[in-house]
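K.L.:
Using the sequences and the accompanying hints, generate a full structural model.
First to last, the sequence lines map onto chains A, B and C.
Counting with our numbering, you get residues 1 to 372 for the letters of the first sequence.
Counting with our numbering, you get residues 373 to 641 for the letters of the second sequence.
Counting with our numbering, you get residues 642 to 938 for the letters of the third sequence.
Calculated from the structure, these hints are not laboratory results.
Treat the hints with care, as some may be off.
To be verified - Listed next, the stretches of chain A that the computed footprint assigns to chain C, with coverage defined by at least 3 CB atoms under 8 Å from CB atoms of chain C:
hint: 1; segment: 72-79
hint: 2; segment: 222-232
hint: 3; segment: 242-255
hint: 4; segment: 352-362
Unchecked claim - Covered by chain A, per the in silico footprint, the following chain B stretches (three or more residues, Cβ under 8 Å):
hint: 5; segment: 404-416
hint: 6; segment: 496-503
hint: 7; segment: 580-587
hint: 8; segment: 601-615
Idealized CB from N, CA, C, for every residue including glycine.
Letter by letter, the chains look like this.
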Amino acid sequence: MKKLKFIDRMAQGKVSRRQMLQSAGAFGVGALMLPKLADAAGVLTCLEWGGYDDPKYYESYLKRYGQKPNFSIFAGEEDALAKVLAGFKADVMHPCNYSVSRFVNAGLAVPIDTSRLSNWKDLFPSLQTAQGVVIKDQIMMAPADWGNAAIAYRPDLIDDKFKADPSWSIFYDEAYKNKVSMVDDPVAITIGAMVGGMSYDEAYLLNGDALKKATDNWGKRAVDVSRILWADPTDAEQAMAAGEIVAAYSWNGLVKDLHDQGIKVAYAHPKEGYFTWFCGLTLLDSGKADPAQAYDFIDAWLSPDTGKALIAQGYGHSNIKSFSVANPADVAAMGITDPVKMMEQSIVFKSTPDDVQVAQNKAWGDVKALKL
Amino acid sequence: MTFLNRFAGLRLYAVLFVIFIYGPVLLLPLFSLDTGLYPTFPLKGLTLQHYAEMAANTSMIEALKNSLTVAVIVSALSTTVSIPAALALSRYRLPGAAAVLGFMSLPLLIPSIVIAVALLIILLKFLGVALSLWTVGAGHVLICIPFCMSVLMSRLEGFDPSLEEASRDLGCTGWQTFWRLTLPLAMPGVISSLLMGFVVSFDEFVIAFFLSGTQTTLPIFLFSQLRFPDKLPGVLALGSLILAGSAVLVVLAELLRRRGAKSANPGDI
Amino acid sequence: MAGYGLLSPALLIMVAMLALPIAALVLLSFWRQSGYTLDTTLTGANYARIFGLSDSPTVWMGIPFYLAYPVPVILLIKSLMMSLTATVTVIPLAYPMAYFIAFRVRSGKSIWILLLTIPFWTSYLLRVFAWKIMLGYTGAINSGLMALGIIHHPLDALLYNSGAVTVVLAHSWVSFAVLPIYVSLEKIDRSLLEAASDLGDTRWQRFRRITLPLSMPGVIAAALMVFIPTVGDYVTPTLIGGSGGSMVGNLIQDLFMKRNNAPMGAAVAIVMMAVIALIALLFVWLTGYHKMRARRR
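P.N.:
As structure tokens, this is what we get:
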């Protein structure tokens, strides 16, 4: 042992102390210093989807305050919820109609006073009163971006049977095995139940034994038939561009992108119905900035200018005026001719109660797990 | 000459190996120059437009800077604390050494989502620390230490202790022995450990996602771009530039090495 | 005790940042979730759920599982098989490369090491993306084969299956595996090899009797380094494995996030950790790592 004495000296001497100081410096000092920095600035903090932090979506806010808000980027609402539940403080969050209730039920959101939003009056009436926007008679979310969920397909590759009578059933039909792509979401079970003849209003509330039955049948088939279950639009879009799949559950943006690239694509409204999802902005109770800033930010998101930018990306917008200021070619490329009529004819996704949603997530996760 | 023949097979293998690890990655620069939105063959046409888009994307550049900073600090720090720890574990018959080693490998065992959520709750609820790049760095040090330790220990274990003994007999202090003997001998391990720490941190997604505040790192930024398929070519351009940048770095390092005095130490790299 | 002095900085960081979360995780696994709050009465219910038996088996891959809720166990087996395949693929790929750098490269070894790590400076996501271009329907391999007239329709068996997952995992980890093997080969005393040659050993005998045994610590380190983290990996199988790509990591992620059941997630994570630790210990014990270390002291 004694020949290793030098290490002893190192151990007790300067080395380790300096290293200890270094690490203490990195963690301790950093930790002590930074909260103050964060508190000092009364800047708005937004929990936002990646990509939506682009200034083109809140130009009027930027003009007024001269600086961007602070963004914390998330990739899914559950992740954002977990972060806020753990104590992360933010002023504004960008949930979707099916997830807003979780923030409300967890006691993290505060109601919105629509009189402070100059653009509120121009929103689609059906969105102003939609489930998720209104929760227990209070406005909990200002709807902003929306999209359809229907079937995008390659008319040059798909069979005539589908073209003649488009139906969601192709995602559950062995004949299309490995040729289609469903979304990686329990909605695959809901839509399957609708193919089986159930109404949406019944299917979205599936729970208990009925849910088990639907999962064993439709859920399992969806997992078996799909080439991929897409988690991001990019997955489905590239597979579709390559001709690897001939049809996909899809939002409007996919149709627009493929169209722009000169690839033959069409957007079918299946006979069982097509859907509209929407997302928007919710005020959180943990914010530290002046609420006026938060309202200005939300109002900026509701403006027709923001709508124009979203439409150019292939997403819809809640403000009716957006569609008259937008480039008509962009609107057409989304597969929308008359936005008002489109909105009236589609099935607006409803928010599933928390416990039902958890049960459906579990059913979907389990049916995927058992596939090889 | 028989010498060359003998190892021609191995040399060929090395070349194939390099092709395997570079082949797919080199498709990125190729498609970053393509005019088409989708990376499919044949290419549609050449353009530098995506590079212009990328340069204009300030949030992407910002994310790159953040990631580089975090990775450099994390890799230096984890290697610095891992050297003495690896020395201790490989030189001493410490009571409970196995337990310590096991404990230090735990971050590899726990899925990062679990570490991330647990750290998040502890940082925010118990310590009241605001999330920032520092908290990301702290989380990364935790997962880098096992990697660094494992590389360093396989280097330090079974070192001939008589060298260090000789150094002491020749009148060197502990410090001098460490600087002049132990550290140079451990150098291949140290460099590997630095590289590994850098790569692990630079590429880490889950922990960075949960522990970051309002500044993002590059993997988070890239992941968020998947929502917008038209942003992908710009992302490819960035990936290509990172590749090109690191290649330049390697060439520079090689030039520096050739200029510098040749080390007589066979273990020195 | 001096040894602990040297250990202390690293250990301090690990204890401070790891012991707390792990303690929290263990505690959490004995709690229950109720709504958005936790029921903090201690209970083994989560574990009972994972291992609870049932008379009617769930058949998976022809194996009957007599479990009431077989999903965690099945996913764990699936994940273990995936990472075992990856490890078994990676080590034989990495060893000759490490051997090449250690014994055949005369100068500029660090350049070689750098060369091996550069592809990993691009983001993981971009590498997966690159593999999709490589293996995709209109990707490099399919286009190449079609241009050569070998096939007339793109092969769709290249992507979205477990084979593709193995290839991508091997690609991701093989350079990491080279490092510890290289490091342990590098420190082998060259005079031992000369002595063996002088005593009439053939190259193969010399490799088997000296080089391979002496490099075992590196091989073991590399194997564990690949095996352990890939069990919990769920990103690669999700992106590359197609609709059957879900792994135990997905389940844990889901339980913590989508299913709002962190205690159950913690229990699954702990079962997973215990199983990995057992396998790792068994592996180390079988390869006689400790005996080897003890002998060299």
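K.L.:
Which numbered hints are broken by the structure, listed smallest first?
P.N.:
Hints that this structure does not satisfy do not exist here, as all of them hold.
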